[in-house]
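Since the structure of chain A is already known, use the hints to place chain B on it.
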Amino acid sequence: MAVPARVTEAAEPVLRLRGIGRRFGGLRAVDGVDLELYPGDRRTILGPNGAGKTTLFNVIAGEFPPTEGTIELFGADVTQDPARHRAKLGLARTYQQSRVFDGLTVEDNIYLAALGVRTGHTFPFRSSKRDAPLRAKARAAAGDVGLIDRLQSMVSGLSHGERRQLAIGMARAMEPKLMMLDEPAAGLSRAERVTLIELLSALPSDVTLLLIEHDMDVALRVAQSVTMMHEGRIIVEGTPAEIRANKDVHELYLGSRYYDE
Amino acid sequence: MSATVTRGRAGLRTGMTWPVLIGWGVLVAVAVVLLLAPQIFSAYDLSQILTQALWLGIAAVSVTFLYRYGGMVSLAQVAIYGIAGFAMGNVVHTINSEGGLNLGWTPWAGVAFGIAVAVIVALLFGAIASRSYGIYFLMITLALSLLVFYFFGQVTKLSGFGGIRSISRPGFIGDPITDPKPLYYTALGASVLVYVLLRYVVRTPFGIALQGIRDDPPRMRSLGYNVPLHRTLAFALGAFVASIAGILSVWFNTQISPGSINLAQTIAVLIIAVIGGLSRLEGAWLGALAYALIDYYARQHTPTLGLWLNPGRFATIIGLVFLLIVLLSPDGLIGIGHRLRDLAGRRLGTPPTSDTAAAREEQALPETAGVSTASGPSSSGGQEP
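Top line first, the protein sequences correspond to chains A and B.
Per numbering that gives the first Met the number 0, the very first residue in the first sequence carries number 0; after that it's consecutive.
Per numbering that gives the first Met the number 0, the very first residue in the second sequence carries number 0; after that it's consecutive.
Excised from the complex, chain A in its bound form (with noise of 0.2 Å):
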């Protein structure tokens, strides 16, 4: 398989991110970062512990701005915009920890991230006319990563894994354009990969998925694409065929860093 193709290459960018650097203070957690998605685009990104990605991930969903370059989502530049507006435009995150309200329902968590892209955050009334959607919409979610059994559970006593995917859920309900993964295999059980995988590659042809994943598993075969990181910066990018070949790969994740010299 050759770069994998792209229909719609003509298209705008779901993506482009051009120079991107983030200092924090004297340490350059991601320094000069280039990249562009595509509609459909599935993207991992590898790279070690402390390779910036989780940083890179932060930057672009508007966690905190660059120091450095611009981001521009679906055509727009949102570099200065808060992460309220960039999941408005359409994207949608999940975090290393899974990051789920404790406090409320499996179903009612999924109905805020349904809210969330809408009007009427603040609305102080119940309204089944205005509700109805959204809670259906919760539904389905929770049906799309099996949770359909624990709707009415507080996700305080959810496990490890259905944490894991409950968010990835919340996720789904957004309807985002652009679905940003961090590490969603990370603790997850071997069946529960398997889950992951079946999932992620449920997801519509148009949704474009940026992961960062260490299991290789989940990364190469959920990817289209690879783009490796090493220290704030990217050093290879390319089909995942072309990465398990790559002698810089080999060396940074196998630690054979000294085989050659």
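Some clues are possibly wrong.
To be verified - Where chain A lies over chain B, by a calculated footprint (3+ residues, C-beta under 8 Å):
| # | region |
| --- | --- |
| 1 | 198 to 207 |
| 2 | 211 to 225 |
Claimed, not checked - Calculated Cβ distances over 12 Å to all of chain B for the following chain A residues:
| # | residue |
| --- | --- |
| 3 | Glu11 |
| 4 | Gly74 |
| 5 | Ala91 |
| 6 | Arg92 |
| 7 | Ile196 |
| 8 | Glu197 |
Since the hints were made in silico from the structure, they are not lab data.
These numbers come from a predicted model, not from an experiment.
The beta-carbon is built from N, C-alpha and C at its ideal position, and this holds for glycine as well.
Just chain B now, kept in the frame of chain A:
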């Protein structure tokens, strides 16, 4: 006895458990006692204990609401009810024209004005505090609270010398000293309305989103929510509730002075919310009742134990009881009540409710109670980046 058994069976058939039935039983008993209270208790007890507990409970429930559903520990609630009280006291007719502006408005216009001013000021305060979390939020609300206290202490044009006295009340309330019944029922009705309002609001989109913000503000931002705006509006709703307590306190005391919104009162309302139990709104009134009872009896019956204790040190008793309740039950009096109910339920043979709506309400505390752990939702320090 047979009646109880029949009810139990009926309940079990419809899926109700003993704890639920006990809960309903307690509710009905409390409702009956509250409605018949003027017939049961002396006028003095009715006024000094029950009416006082009802309006203090409304003030405390604004603290409980902000903490339980918004993860905010506010020390500004007393200042806000003071603003409502002073605003009303200034515009309505007062017999003694030395205090306040004495504009001679009707009592009800004064109520509307007092509440409106309090809510508007709270929107401003909320906007200032809404980007802070945990101990920082608490300190900012404390600073605002002291600001209000010193403002009324020093701007005597608005607070009179030593307060505004003889503030006129709506006609039907009459004189609460000669006949406490109308004010008691007013405070009872207001309490019920406030309780129903808050229980309703927390299940609306606004309320569910507020609980999401309580649990993880940055996550809510990334879902598309305007977190500071939401917290500001919640703070204003808390202020609306507190301002009702402020109006009632003015009617109860017939006056308001800067001393009635000082730091001691701020702490008293926080104590009421905590001893009542922050896990449920009802706890606020339970805490207020306990506070009013302890206050009332400690003043009269504190024993003399050498230098350690005498009737003048009734506050020591309040402090000890507070300590005892918090140590025995971090969930306050309402937590003790729930444990007793579940214990009785087990004795009666059916398992206590779990993982259902009732249990859900109780589990969903943002963090364990207590100011030191109340840094709750912020994992990233005091300020949002």
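The hints, checked one at a time:
Look at the region 198 to 207 of chain B against chain A: 8 of its residues bring a Cβ nearer than 8 Å to a Cβ of that chain, three or more, so the hint holds. Residues of the region 211 to 225 of chain B with a Cβ under 8 Å from some Cβ of chain A number 13, which satisfies the need for three, so the listed coverage holds. Even its closest Cβ contact with chain B, about 22 Å, leaves Glu11 of chain A beyond 12 Å, as expected for a residue assigned away from the interface. Taking the minimum C-beta to C-beta distance to chain B, about 19 Å, the non-interface status of Gly74 of chain A holds against the 12 Å cut.
Residue placement check: Ala91 of chain A does not keep its beta carbon more than 12 Å from all beta carbons of chain B (closest about 8 Å). For Arg92 of chain A, the condition that its CB be more than 12 Å from all CB atoms of chain B is violated, with the nearest at approximately 6 Å. Against the 12 Å criterion, Ile196 of chain A stays outside the reach of chain B, whose nearest CB is about 25 Å from its own CB. Non-interface call for Glu197 of chain A relative to chain B: holds, since the shortest CB-CB distance, roughly 25 Å, exceeds 12 Å.
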